[in-house]
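*Asks:* Residue strings, one per chain:
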Amino acid sequence: MKPLLRFACLLIFLGFNKSYGQYEFNLGLMAPSGDTKYLLKPAPSFEFVFNTGDVDSHYHFGASIGYCRLSPTQDTFKTYAVGGAVLPGYEVIHSYELYPIGLRNEFTFFPDKKFSPILALDLYFYVISISDDYYAETLIQSSITNDTYWALAIIPRIGLQYELNDQISLTGGFGRSMSFTGTVDAQSYWKTYIGIKYYIN
Amino acid sequence: MKRHLLILLAFVCFTVNWSCTKYTYDEALPSVQFVSAKFYGNDSVLLTGKVTNTGASGIENVGFAYDEQPSFDILVNQVGAPPTSGQFSVVIKLIPDSTYYIKCFATNSFGYVVSTNFKYTVPSATPEYAPCAGTIPANSVVDNKVTYAMTYIYYDNTSAQYGNVGIETQNGSSEFVNIYFTAAPVNGIYTTVYDPTTLSSDPNPYDCTILVNNSYAVNAGGKVYVAIGTGGTGTITFCSISYVAFSTTFFVSGNITY
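Which chain is which? The protein sequence lines are A and B, in order. Just so you know, we're using numbering that gives the first Met the number 0 here: the first sequence kicks off at 0 and counts up by one. Just so you know, we're using numbering that gives the first Met the number 0 here: the second sequence kicks off at 0 and counts up by one.
It cannot be assumed that every hint is accurate.
Stated by the list, open to error - Taking lysine-lysine and the DSSO-like style, the derived pairs with C-alpha atoms no more than 27 Å apart in a straight line are:
| no. | chain 1 | residue 1 | chain 2 | residue 2 |
| --- | --- | --- | --- | --- |
| 1 | B | K49 | B | K118 |
| 2 | B | K222 | A | K112 |
| 3 | B | K1 | B | K49 |
| 4 | B | K37 | B | K222 |
| 5 | A | K113 | B | K1 |
| 6 | B | K1 | B | K92 |
| 7 | B | K92 | B | K37 |
| 8 | B | K118 | A | K77 |
| 9 | B | K118 | B | K92 |
| 10 | B | K37 | B | K118 |
| 11 | B | K37 | A | K77 |
| 12 | A | K77 | A | K40 |
Note that these hints are calculated values from the structure, not bench results. Given the structure is predicted, the values throughout are model-derived calculations rather than measurements.
The shape of chain A in the complex, shown without the other chains (with noise of 0.2 Å):
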């Protein structure tokens, strides 16, 4: 994880060398859709990111990283391997966490008002850590820890921003994001949250 919190750093410094960006902290919740929702339940994540761009701005580009950790929807799964015949198996996940690392490109449709809307594509990079046992009867047994997967996706969101004031506002929202290629299944999450921008000046 090593890589993962030099990352962070770099938002960090990043912020502290620009006239004028924003930090954001986000509260959110990563539900599994598609054939994923069958495995994880959803689970609560975080995410810091920095953006550029000074308040008053339409477009804001930023990148992030953050943290979630899903747990499975059954203890055992029964699965099956096939070789020669049906081979009867089953599946144990005893963890499965999501490192996001996103590029995030915003767009702020009335940043001089109050409220507004927000539309926004990102690229999301996922380091996925998975421990599991794996059986197929007379083919497969074993056991994983901590074994390193990674998908790329992208995220259309929407979301609200409300400025609280001129350096502080509250945002919400929600977006879907979907890996399109990896080392894992296509997988897909409804992701939603709510955050606070603290804005640099």
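Let chain A serve as the given structure and place chain B on it in line with the hints.
*Replies:* Relative to the frame of chain A, chain B by itself:
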């Protein structure tokens, strides 16, 4: 200000609630039901199962598994059937007068489901006679169109040359016809295998072989009919089963009571 915050909060709450619907376990996996087991022919059972719900993806495999014990998984005696989202059937050979526990299964990309056990006792088979049985004199064989009266008939269940049980016959001079089974023959229709040396370990109880003149095994696929009488006697009949000797194909028929 309050109104805007409420809108923001309501928006987030709505999307959280909306995004949290999930597949339940039952919705994702298929459902399967064992429909019936019916005696089929004289040595087989027709099994039928049904996919009652395909689940959240297409059906990938269906099939049956059976055992003589009630506790077993689907790898035991597994018989597959073509994948379908409806009814599926297979015919399997089971031993008459035996009780089996049978279940069916279906898989999709989420996993597999198994039906409850179905307990089934295979009925007794009826005596079987070859179509030509009435045309062959009792205790005779017709080898290459010549009829031989077999005067020596011996039921060997202890030291059969092949398989585990043999009925060895001889006409008193040059004609020998021996029939070998994997176990004591019962009512039913048996199928010949070519290599008699494989018979002792053959898992199919309805396989047999016939050896002509101690040297020539009949070809595979011939039908041998067995009828067990009330007194324990057995009658074996077969019609024009081919064998090759000296690069020439001959045919042998028989009607033997032991």
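*Asks:* State for each hint whether it applies.
*Replies:* Comparing the hints with the structure gives:
| no. | hint | result |
| --- | --- | --- |
| 1 | B:K49 to B:K118 | holds (17 Å) |
| 2 | B:K222 to A:K112 | violated (92 Å) |
| 3 | B:K1 to B:K49 | violated (58 Å) |
| 4 | B:K37 to B:K222 | holds (23 Å) |
| 5 | A:K113 to B:K1 | holds (12 Å) |
| 6 | B:K1 to B:K92 | violated (77 Å) |
| 7 | B:K92 to B:K37 | holds (12 Å) |
| 8 | B:K118 to A:K77 | holds (24 Å) |
| 9 | B:K118 to B:K92 | holds (16 Å) |
| 10 | B:K37 to B:K118 | holds (12 Å) |
| 11 | B:K37 to A:K77 | violated (30 Å) |
| 12 | A:K77 to A:K40 | holds (17 Å) |
Checked against the numbered hints listed earlier, the structure breaks hints 2, 3, 6, 11; every other hint is satisfied.
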